[in-house]
Amino acid sequence: MKSIIQQSTFMCLLVGLFCSACSREEVQGPTNDAPIPRILELSPANAAAGDKLTLVGLNFSENMAENIVRFGQQTVEILSATETEIEVVVPELTGSQVGVSVRSRGKVSNKAKLVLVRAKVFGDDFNRSNVEPVTSSIIPNPLGANWQIIQGSFGLTDNRLFSSAGGLESYVLYRDAELNMQVGDGSYFKLTADMQSSPESFAGIIFNAQSDNKRFYLLRTTNSMLQLLKSGENGVGHWVNVMVNENFEGFAPNTSYRATITSSQPGVFNITIINSTTNAILFERSVEDASPYLGGSPGFYYFGLANPVNIAFDNLNLEIL
Numbered sequence: 001m002k003s004i005i006q007q008s009t010f011m012c013l014l015v016g017l018f019c020s021a022c023s024r025e026e027v028q029g030p031t032n033d034a035p036i037p038r039i040l041e042l043s044p045a046n047a048a049a050g051d052k053l054t055l056v057g058l059n060f061s062e063n064m065a066e067n068i069v070r071f072g073q074q075t076v077e078i079l080s081a082t083e084t085e086i087e088v089v090v091p092e093l094t095g096s097q098v099g100v101s102v103r104s105r106g107k108v109s110n111k112a113k114l115v116l117v118r119a120k121v122f123g124d125d126f127n128r129s130n131v132e133p134v135t136s137s138i139i140p141n142p143l144g145a146n147w148q149i150i151q152g153s154f155g156l157t158d159n160r161l162f163s164s165a166g167g168l169e170s171y172v173l174y175r176d177a178e179l180n181m182q183v184g185d186g187s188y189f190k191l192t193a194d195m196q197s198s199p200e201s202f203a204g205i206i207f208n209a210q211s212d213n214k215r216f217y218l219l220r221t222t223n224s225m226l227q228l229l230k231s232g233e234n235g236v237g238h239w240v241n242v243m244v245n246e247n248f249e250g251f252a253p254n255t256s257y258r259a260t261i262t263s264s265q266p267g268v269f270n271i272t273i274i275n276s277t278t279n280a281i282l283f284e285r286s287v288e289d290a291s292p293y294l295g296g297s298p299g300f301y302y303f304g305l306a307n308p309v310n311i312a313f314d315n316l317n318l319e320i321l
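When we follow full-length UniProt numbering, the leftmost residue of the sequence shown carries the number 1, and every step to the right adds one.
Possibly wrong hints are sitting among the right ones.
Below are the DSS-like pairs computed for lysine-lysine, each with C-alpha atoms no more than 25 Å apart in a straight line [unchecked claim]: (1) K190 - K52; (2) K190 - K214; (3) K230 - K214; (4) K113 - K214.
To be clear, the hints were calculated from the coordinates, so they are not data collected in a lab. For clarity, every value in this text was computed on a predicted model and none was experimentally measured.
Could you build the full structure based on these sequences and the hints that come with them?
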């Protein structure tokens, strides 16, 4: 009898072990054989909110839905993905740096450090007391500490910069010790300003003005014409490159325009001009210069050809990174 009981107990143990093994197999599920993703570098290594960022690495999924990119604990949308590159946009973040990681097909990568940079902002809305037109001979300059009149005269009226002199090419530059319109290697600039000209007269926005105050780019308009010019070592009138010189529908005298000029690569400028009143886009184009000016400052230009002349500028805003 004892032998029979022992045999029964032994059989029960075997059955229990077998059932336990079966249960473990059912719960365990399939094995994840996907390789572990790895971030080799971030391009650029320094970036600001809104910049496109490329994660360069190994073992990402080409299926965007199988990748999750996190800045710290914040998940962001993926713009494109291959096995070696994922492109995203840097979100708004606090602090000076953040760890970036990828979860691909269930496997989590290493963290790569992104240094966060903050854009510097310069500008002038001219919202102050009126100033009668003055030349560079008046010291200190009553237009504002950062303004340098190079040629001609400028004043302030109705919270705008203006000139009413006829028959004279004149321009003024915005100078600041920390302002340098560099591009490339993670640097960029975004320049926005308003301008308005009288009939037969030019109003213009200057950018990348060099230290000699003669070499710069000039975006100017008169009547229905728009020009993008590059001045040479002799300054205004010495145009060494004419990049745009056309008539466009929607441009007209006594019309206020808002121009935006952006650049992140040397010699490549993205230009948008809208009607300040209707917000209608009048011009949108990318323009290139093979031998670009780098750095420098922005400013305003006018050439009054008819009388009376009333050329005005407003809302200068420049972001640099």
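- Message: Please list, smallest to largest, the hint numbers that this structure does not respect.
- Response: 4
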